[in-house]
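J.: Residue strings, one per chain:
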Amino acid sequence: MKPRHKKLLLIVSGVAVLTVASLLILNAFRNNLVFYFTPTQVFTGKAPIHTVFRVGGLVEKGSIKKSDGGLTVNFVITDLKKSIPVYYHGILPDLFRAGQGVVCQGRLNAQGQFIADQVLAKHSATYMPPSVAQELKHNAATAQVDSTPHSYKP
Amino acid sequence: MYKYASPKNFYVLAGQLIPWLGIITLVLFATGLYLGLYVAPPDYQQGDSYRIMFIHVPAAWMSMYVYVMMAGAGLVGLVWNIKLADMLATASAPIGASLTLMALVTGSLWGKPTWGTYWVWDARLTSELLLFFLYLGFIALQAAIDEPRRSARAGAVLALVGVVDIPIIHFSVIWWNTLHQPASIGALNRIISPTIYPTMLHPLLINSLAFFLFYYMVVLMRMRGEILARERHTGWVMQIVRASAEAAR
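Protein chains in written order, with the numbering used here: chain A, 1 to 154; chain B, 1001 to 1249.
Okay, chain A solo, but in the shape it has when bound (with noise of 0.2 Å):
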């Protein structure tokens, strides 16, 4: 083997290991590295509920009550197995609203609502103009009444 080529096996099993080494490091520390809990995390005790963390998932519809002039809030945040209410007063960020999901950041009282002090909006990673959304949500609404009739056939 030429000595050049030994160099180069070496450092690229250097790299190797290294990134193999990383990644076996990141992966212990899988669980501080996310960033939120989903509520079925929180149910089965898998989130540091006794101190102050995030609870991410989707808000249910038909679950936000606002008061106090819209800064005090009230809905129920899902992963569509478990639900937890929280409590939130302040400046709701821009895409929050029904069927959105979000993380938010507090934590949980006696009674299992979940005090948050920070509601932070994440959004999807799809792309698209108003109008095909419509159209979207209009053929999904379509295509089950068409489904209806099938769903009677024993």
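Treat the hints loosely; a few may be bogus.
[As the list claims (entries may be wrong)] List of simulated lysine-lysine pairs, DSS-like, C-alpha gap at most 25 Å: (1) A:K82 - A:K66; (2) A:K61 - A:K137; (3) B:K1112 - A:K66; (4) A:K7 - B:K1112; (5) B:K1083 - A:K2; (6) B:K1083 - A:K6; (7) A:K82 - A:K65; (8) A:K82 - A:K61.
Source of the hints: derived by calculation from the structure; they are not laboratory data.
We have chain A; now place chain B onto it with these hints.
T.: Chain B only, in chain A's frame:
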């Protein structure tokens, strides 16, 4: 091919390529920004604020690409002792650092209206910030060592160690719960069907190509400067200096 590996020939070839790269970059940028800012429709959720994506995403992609180029050039320099590779690594660092900073700043400006915050310490944002510090570390390390061979070698080692951060940045949104959304294009399952509407996707791709060519244009300019500085005692550089001095008179 080997002909261009000599600094002199490379200097001449790069000088011929730069104007063409410049023209194509300019045309692509103009087209991409026009399509992105005037033709593309507003987003169904974010309205117009998503348009910062046309700068943010190419800058972020290129910040990673330039780093891989820098580390790759460092490896070639370490193993084959090719001066041009060392110069490519050195010349890439400030460009990569600028692109990373641009990705961080535009991302922060995008985060405020959509997420509700300028900055969070989630895995994607933190690993991109680490990339910025890796670039700064590379620049500082090379600046601290005067002897060119040793400076190139030390920089290459740092660049190769730091290359670990690149897969972390890319996969951070898949491995962990992050505030940052997963990739719309580029991820394996999204190559065939990106989740971006075509009239929004086209300016993004055009601008990305513009950023790509812009990097090559600037890196060639910087390498030409580096070649002149390193070869300043050779006959052909003195000839160029004399000729340009005469032209200036």
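J.: Hint by hint, which ones does this structure get wrong, listed from lowest number up?
T.: 4
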